[in-house]
Structures are given as structure tokens and as C-alpha cells.
Amino acid sequence: ARFQPSRAARKVSIVPTADGSAGGFGDTPSITEGHSGALTREEIFTEISVALGGRAAEVVFLNEALSGSSSDLAYATRLAGSMITQFGMNGSLYVYESARSVRDPSVKQEVEKVLNEQFEQVKGLLTEHSAAIEQIVDLLQQRETINAEDVQAILEGRDPPLNDARGHNIEESDRREVVPASVGVGSDSGSQGGDANGTGAGGSSGAQTP
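Position 112 of the sequence shown, counting from 1, maps to 211 under our numbering, and the rest follow consecutively.
Simulated from the structure, these hints should not be mistaken for laboratory data. All clues stand as given, with none of them false.
Straight-line Cα separation of at most 30 Å, DSBU-like style, residue types lysine-lysine; simulated pairs:
id	residue 1	residue 2
1	222	207
2	222	110
3	222	212
Here are the simulated distance ranges between beta carbons:
id	residue 1	residue 2	range
4	140	173	14 to 22 Å
5	243	195	40 to 48 Å
6	185	219	22 to 30 Å
7	181	242	36 to 44 Å
8	236	174	21 to 29 Å
9	171	138	12 to 20 Å
10	142	208	21 to 29 Å
Glycine included, each C-beta is placed from N, C-alpha and C at the ideal position.
Please construct the entire structure, taking both the sequences and the accompanying hints into account.
Spelled out as C-alpha cells, the structure:
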């Protein structure tokens with residue numbers, strides 16, 4: 100999603116979700132976020148590309164397809180089908196009835212063409228940025244959850260920001276060494292718990308100076 104700016108994820112995690120499924124992109128804007136309703140052809144292509152990203156990554160990095168991306172493939176297929184049969188975005192203004200479009204071989208051929216073109220584009224992006232993606236994987240293994248700033252830094256060839264104990268990024272200006280507070284000695288009445296002669300608990304440094 101980072102290579103498609105309108106759909107860039109705000110964070111990525113390998114921590115299993117509450118239902119036990121594997122982690123993934125978190126806080127990813129939906130296709131309708133920031134829109135009043137109508138979507139452009141290019142925006143739908145972007146959504147299809149994002150949906151195909153999981154399968155493309157399997158092919159590029161694992162050299163095989165896994166079953167986990169089936170729901171994403173179904174979603175991408177529905178989007179491509181809607182472009183052709185409902186939205187008039189593929190060179191024809193004819194709107195198909197859903198029952199007929201399922202049986203029409205020409206519709207299936209057009210849907211497959213859209214899916215294959217976007218799939219090849221995503222594979223090309225993943226291959227081009229494979230080194231950066233490997234770094235992102237390494238960082239995920241270290242931190243389990245990273246955010247958009249971490250991903251952007253790696254893609255730009257920079258070191259990702261440091262994280263605090265809560266996993267929040269620490270800005271460069273805030274990376275100051277914490278200096279322990281100094282301990283005062285030689286007070287008139289000694290440390291707490293000691294008398295003027297330095298006796299008692301904590302009073303070894305409290306002897307008065309004539």
C-alpha cells in the first residue's frame with residue numbers, strides 16, 4: 100500500500116489479532132475514505148492492486164501461492180467485475196444484469212485482463228523494492244509492529260526512527276541522554292533521618308562545619 104499513496108497503511112503488524120488470525124496492515128484507509136461517494140477508474144485500479152498485494156508477495160518472495168489470500172482475490176474480482184458490468188469503465192456504457200454477466204465469457208475475459216494487468220504491476224513494484232521490503236520484514240521481526248514513518252524511512256534509504264517503550268517513534272530532537280538527578284551532601288541538618296552530627300540513618304554526610 101505504501102507504493103499507492105491513497106491507500107498507504109498507517110501501521111503494519113505481525114501480532115495475531117483477537118480472533119487468532121495473523122497480523123497485517125492496520126489502520127489502512129478504506130477506498131471510500133475522504134470521498135463523497137464517486138470513485139475514479141484509477142482509484143478502483145489502486146484498490147484492486149492493494150487487494151492483489153498479498154498474492155503477488157507470495158509469488159515474488161516465496162515462489163508459490165498460498166490459500167490465505169483467497170478473500171482478497173475474491174474482493175479484487177468483484178471490483179474488476181463491477182468496473183466492467185456496472186460502472187461502464189471499460190470502453191462500454193452497457194450495464195449488465197448480474198445474472199447474465201456471470202455467464203458471459205467476454206465479461207470473464209475482461210475481468211481476467213484487468214486482474215492480470217494489475218497483478219503484473221504489483222509484482223513489478225515488489226521486485227523493484229525487494230531489498231527495502233526485506234528490511235521492513237527484519238524490522239517487523241524486531242518490533243512486531245511498525246508505522247508509516249518506519250516504512251517511509253526504509254524506502255527512502257534512511258534508518259527508521261527509534262521507538263519508545265510504548266512503540267511510539269522518538270523524534271531526533273528528543274533523543275537526549277537522561278542524566279540522573281544529583282544527590283546533595285553536606286546540609287546543615289544532615290540527610291533525612293540523620294542528626295547534626297551525621298548520626299542516624301542517612302546522616303553520614305551531614306556534619307556541620309564550624
